[in-house]
Amino acid sequence: MASLITVLAAPFYLLLIGIELWVDKKRGTGHYRINDAFGSMALGIISRTHRLILFAFGAYILSEFVPKLTVIDWQENLLLAWVIAFVGYDLTYYWSHRFGHEINCLWAGHVVHHQSEDYNLTTALRQTSGGFFDWIFSIPLYMLGIPVDIIVASAGFNLIYQFWVHTQHIDKLGWMEKWFVTPSHHRVHHAQNPIYWDKNYGGVWIIWDKMFGTFQPEREDTPIIYGVSRPLNTMNPLKANLQVWWYLLRDAIQCKSWWDKIRIWFMPTGWRPADMETRLPIAKTDMDNFTKYDPFTSDKIKFYALFQLAAGMVLGIYFIFHFANLDFWLKLLGWLFVTLPLISAGHLLDGGNIRWEIARFILSCLGFFACLGLMSTPSLYLLGGYLLLNIPLLVLLSPSPEPRPA
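The numbers in the sequence shown follow UniProt numbering, run straight up by one, and end at 406.
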């Protein structure tokens, strides 16, 4: 249901992104870049389809196997159930979010949301596909016996609230700053300036940060630099999801100490075995000479990436709404049709070769024909039409032949 709620909010998201983009152009503030916005939105599309499966699994486990300690009949106290679920979920979100910043293996999942070096409403959609343990923090709500649908819906509404705070075009908001998470508070949270590290974890209410000592107001004398201290330097959503996991796995395999191989996963974020820090240092942001990762790409590549992004939205929404009724192989095919083009388009935005995209297209065609007998008529037309639209665009991307010597 959380994924369904966020999907239903998608037109609202796109409208606000359009308005913010217009304001950005009118003011000349330059908070939007096509490649960075593509990366954020592509990660959001992939995460919604992936986490549909993950969140459903977590909700099932919690609802079926966690002991209920409540003596309240929630069906007769639905309003109370909604209030406790909404407030309680934000509290559990605070701790889930905080641990996601403080422990290596949890940061590996959450880091995706912070990798963007821009900060705008598309950043809100930049979500991980690897938050495998988030549902564990909701165990207290399930133990209270609150209906699963109410808890999951509260999670969806919490995520919707967090959308609007990802903007640089709204200043401080007076009395709201005292109680609620605002754009100013959340800008601090996305900063890589040392003074702002590990602050402002709340989703809806900032009161949790004030209660637990993690509150930091935005300072006029410290302009915010967005992103992470170990820069991503790619627009590829697959690499974005795997960046920190790869660092951890590589260090765990290559370090000499067996104790370090185990504890690296559970140590504070950024901790590495001493021998690996020496042998394979990881470059960090030079805060005094910061430049955004912004590789040159042609207008043709940008147009192609935006087409794949729009197609991914349509296919992703269709996939989510029809997920329960799809055969296993169609679920797999649908997921691949959503994810692979976005990964390949990200590769192109990094300056990659078109050969990977041609290979992706051929594999997509083979998968389409292999599952032809399993498809409903709408699926057939949707996926087939998408493949047909790819053909002229791929021709457009193909490099012009070199002129023959006279």
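Hints were generated in silico from the structure; no laboratory data involved. Quick caveat, the model's predicted, so the values are computed rather than measured. Keep in mind that a hint or two might mislead.
[Claimed, not checked] Lysine to aspartate or glutamate pairs mimicking EDC-like chemistry, simulated, CA-CA at most 20 Å apart: (1) LYS25 / GLU102; (2) LYS284 / ASP221; (3) LYS210 / ASP198; (4) LYS256 / ASP275; (5) LYS172 / ASP299; (6) LYS284 / ASP294; (7) LYS199 / GLU102; (8) LYS178 / GLU218; (9) LYS178 / ASP149; (10) LYS172 / GLU102; (11) LYS172 / ASP221; (12) LYS292 / GLU102; (13) LYS256 / ASP288; (14) LYS25 / ASP299; (15) LYS210 / GLU177.
Item to check | Pair hint outcome, LYS292 versus GLU102 [Cα-Cα no greater than 20 Å] | outcome: 25 Å, violated
Checklist entry - If you draw a straight line from the CA of LYS284 to the CA of ASP221, is it 20 Å or shorter? => result Not satisfied, since the Cα-Cα distance of roughly 23 Å exceeds 20 Å.
Checklist entry - Regarding the pair LYS256 and ASP275, is the alpha-carbon distance no greater than 20 Å? => result Holds. LYS256 to ASP275 sits at ~7 Å (cutoff 20 Å).
Next on the checklist: Can you confirm whether the C-alpha distance between LYS284 and ASP294 stays at or below 20 Å?
Outcome noted: 17 Å, holds
Checklist entry - CA of LYS172 to CA of GLU102, is that 20 Å or under? => result Outside the cut-off at roughly 27 Å; violated.
Checklist entry - Does the alpha-carbon distance linking LYS172 and ASP221 stay inside the 20 Å limit? => result Status holds; Cα separation ~15 Å.
Checklist entry - Going straight from one Cα to the other, do LYS25 and GLU102 come out at no more than 20 Å? => result 37 Å, violated
Next on the checklist: Against the 20 Å threshold, does the CA-CA distance of LYS172 and ASP299 hold or violate the hint?
Outcome noted: 37 Å, violated
Checklist entry - Straight-line Cα separation of LYS178 and GLU218 no greater than 20 Å? => result Given that 20 Å is the threshold and the Cα spacing comes to 13 Å, the pair holds.
Next on the checklist: Given the hinted pair LYS210 and GLU177, is their Cα-Cα distance within 20 Å?
Outcome noted: 11 Å, holds
Checklist entry - If you draw a straight line from the CA of LYS210 to the CA of ASP198, is it 20 Å or shorter? => result 13 Å, holds
Item to check | Hint consistency between LYS256 and ASP288 [alpha-carbon to alpha-carbon, up to 20 Å] | outcome: 35 Å, violated
Hint compliance for this structure: hints 1, 2, 5, 9, 10, 12, 13 are broken, all remaining hints hold.
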